[in-house]
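> Protein chains in written order, with this note's numbering: chain A, 1 to 111; chain B, 1 to 112.
A couple of the hints might just be wrong.
[Unchecked claim] Within a straight-line C-alpha distance of at most 27 Å, the following computed DSS-like cross-link-like pairs (lysine-lysine) qualify:
#, chain 1, residue 1, chain 2, residue 2
1, B, Lys9, A, Lys41
2, B, Lys14, B, Lys83
3, A, Lys41, B, Lys96
4, B, Lys83, B, Lys9
5, A, Lys3, B, Lys57
6, B, Lys71, B, Lys14
7, A, Lys56, B, Lys83
8, B, Lys14, A, Lys41
9, A, Lys56, A, Lys41
10, A, Lys56, B, Lys14
11, A, Lys3, B, Lys9
12, A, Lys56, A, Lys3
If you're looking for bench data, these hints aren't it; they were derived computationally from the structure.
Keep in mind the model is a prediction, meaning the values are calculated, not measured.
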Amino acid sequence: ELKVEQNPLFLSMQEGKNYTIYCNYSTTSDRLYWYRQDPGKSLESLFVLLSNGAVKQEGRLMASLDTKARLSTLHITAAVHDLSATYFCAVDPTSGSRLTFGEGTQLTVNP
Amino acid sequence: DGGITQSPKYLFRKEGQNVTLSCEQNLNHDAMYWYRQDPGQGLRLIYYSQIVNDFQKGDIAEGYSVSREKKESFPLTVTSAQKNPTAFYLCASTLKGNTEAFFGQGTRLTVV
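With the rest of the complex left out, here is chain A:
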């Protein structure tokens, strides 16, 4: 059974600081996805990582994938309040099959 673990689960940080969210998974996969969820809302796709060493950046967020370590990171640079949300990683163990989600990291950026 595929397990996907995120840490930390809760993150409170100050504006302007940097931090990294980690996503570990238990079986071989070369497809990993990051989503954002605002309170009471649906999930919004942030990044699609489809190969070992993939790196994607959008604004203050950068995601990477190391399939050998079974690890993805979501790095936040110079955080701003608008980044406050819950971030989920999701893993596809084999091409075209179902996704398994991590528990989510609830990020709060304080002024």
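Given the structure of chain A, go ahead and fit chain B onto it with the hints provided.
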């Protein structure tokens, strides 16, 4: 505009009632999924369907039923057998062979 539409946005269920949540997509996606989300938690897969007239149980299928008579539609019925149905329900869809999932806006179900 292409997308996934869930309805209703809010739904209230009395004890012992069955209720049906609607999910429609016009993205021409092959696969559709139903997830349940409890407060402060991640998503758990209830059912999924990769082609019309076929569907598979996810991790928490007990007390739920689905149908997939049309490619565009994947309704979820929460039966009276589901003892704790209060949750946020999310429908998603993907292209065949591509598991980037696109989500509907969700239905918040409350038992009263």
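> Hint by hint, say whether it matches the structure.
Structure-based check of all given hints:
Note on Lys9 (chain B) and Lys41 (chain A): the hinted pairing holds, with a Cα-Cα distance of about 11 Å set against a maximum of 27 Å. For the given pair, Lys14 (chain B) sits about 12 Å from Lys83 (chain B) by alpha-carbon distance, which is consistent with the 27 Å threshold. Taking the CA atoms of Lys41 (chain A) and Lys96 (chain B), the gap is near 26 Å; set against the 27 Å cutoff, the hint holds. Between Lys83 (chain B) and Lys9 (chain B) the CA atoms are separated by roughly 21 Å; this keeps the pair inside 27 Å, and the hint holds.
With a C-alpha separation of about 18 Å, the suggested pair Lys3 (chain A) and Lys57 (chain B) falls inside the 27 Å cut-off, and the hint holds. Restraint check for Lys71 (chain B) and Lys14 (chain B): not satisfied, since their Cα atoms lie roughly 31 Å apart, outside the 27 Å limit. Between Lys56 (chain A) and Lys83 (chain B) the alpha-carbon distance is near 42 Å, which puts this suggested pair outside the 27 Å criterion. Of the supplied pair hints, the one linking Lys14 (chain B) and Lys41 (chain A) holds, its CA atoms being roughly 24 Å apart against a limit of 27 Å.
This hinted pair checks out: Lys56 (chain A) and Lys41 (chain A) have alpha carbons roughly 24 Å apart, not beyond 27 Å. Between Lys56 (chain A) and Lys14 (chain B) the CA atoms are separated by roughly 46 Å; this puts the pair beyond 27 Å, and the hint is violated. For a cut-off of 27 Å, the pair hint linking Lys3 (chain A) to Lys9 (chain B) is broken: about 31 Å separates their Cα positions. Under the criterion of a C-alpha separation no larger than 27 Å, the hint pairing Lys56 (chain A) with Lys3 (chain A) is consistent with the structure, at around 23 Å.
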